[in-house]
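Chains B and E supply the protein sequences, listed in that same order.
Numbering-wise, my numbering puts 30 at position 30 of the first sequence, and it's gapless, one number per residue.
Numbering-wise, my numbering puts 52 at position 52 of the second sequence, and it's gapless, one number per residue.
Just so you know, these hints were derived from the structure itself, not from any lab.
A virtual CB, placed ideally from N, CA and C, is assigned to each residue, including glycine.
Pulled a few chain E residues facing chain B out of the computed Cβ check, cut under 8 Å: (1) G40; (2) Q41; (3) P43; (4) F45; (5) E56; (6) L91; (7) L105; (8) F107; (9) G108; (10) N109; (11) G110.
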Amino acid sequence: DQQVKQNSPSLSVQEGRISILNCDYTNSMFDYFLWYKKYPAEGPTFLISISSIKDKNEDGRFTVFLNKSAKHLSLHIVPSQPGDSAVYFCAASDSGGYQKVTFGTGTKLQVIP
Amino acid sequence: DTGVSQNPRHKITKRGQNVTFRCDPISEHNRLYWYRQTLGQGPEFLTYFQNEAQLEKSRLLSDRFSAERPKGSFSTLEIQRTEQGDSAMYLCASSQTWGGDNSPLHFGNGTRLTVT
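Produce the entire structure from the sequences given, and follow the hints as far as they go.
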C-alpha cells in the first residue's frame with residue numbers, strides 16, 4: 001500500500017525553465033510533508049518542508065504547494081539549473097514529527113543545459 | 001558538523017551469513033533511524049531510537065534483524081542468516097528533538113548490501 005505516490009518516474013526540463021514535481025498521498029493523518037533530493041551514491045538531503053496548516057512554503061528557488069483537499073503537493077523549482085539534476089523524493093509524516101517518515105518512489109529530474 | 005557516517009559503504013556476503021553495519025550520527029542528535037531502499041523505491045522505515053531506547057520497529061524488520069544503540073551514540077544493524085531479498089541500500093539518519101519540535105532527518109550515504 002503506497003501511501004505517498006510520485007507517478008512521474010522522470011522529468012526533463014530546459015535550464016532556466018520551471019520544474020514541477022508532483023506528489024499525491026492517501027493517508028489523512030499526514031500533517032507534515034517534506035521533499036528530499038538525492039544524488040547518486042549519496043544519501044537523501046532535506047530540501048524543504050511544509051506543515052498541513054499552510055498551503056505554501058518558499059525557500060529561494062524552491063516552493064512547495066499543498067492542496068489538502070486533493071491530498072496533493074508539488075515542488076516548483078524556478079529557475080531550474082543543471083545542478084538540480086537528481087532524484088527528488090516526496091515524504092510525509094504524522095503527529096507533526098519526523099518519527100516515521102514515509103517516502104514516495106522518487107522522480108528523476110534532468111535539467112538540460 | 002561531520003554528518004552521518006555509515007560503515008562499510010559496500011558489503012558483499014553469501015546467503016546465510018551474518019552481517020553488521022554501523023552508523024555514527026551527528027553528535028548532538030538524539031534520534032537515530034534506519035531505513036532500507038531497494039531499486040526503484042523510496043527509503044522504507046525500519047526502526048528508530050531516541051537516545052538508547054528503540055521506540056518503534058516496522059513490520060519490515062523480521063526476527064533476523066536487530067538494531068542497537070547501546071550508549072545513545074552510534075548504532076549497529078545486524079542481519080542474521082542473510083537472504084537474497086535482503087540486498088538493498090541500508091540508510092541511517094539522525095535528527096534532533098527539542099520540546100515538541102524535530103529537525104529534518106539527516107541521512108548518511110548508506111551501506112549497500114549484496115547477498116549472493
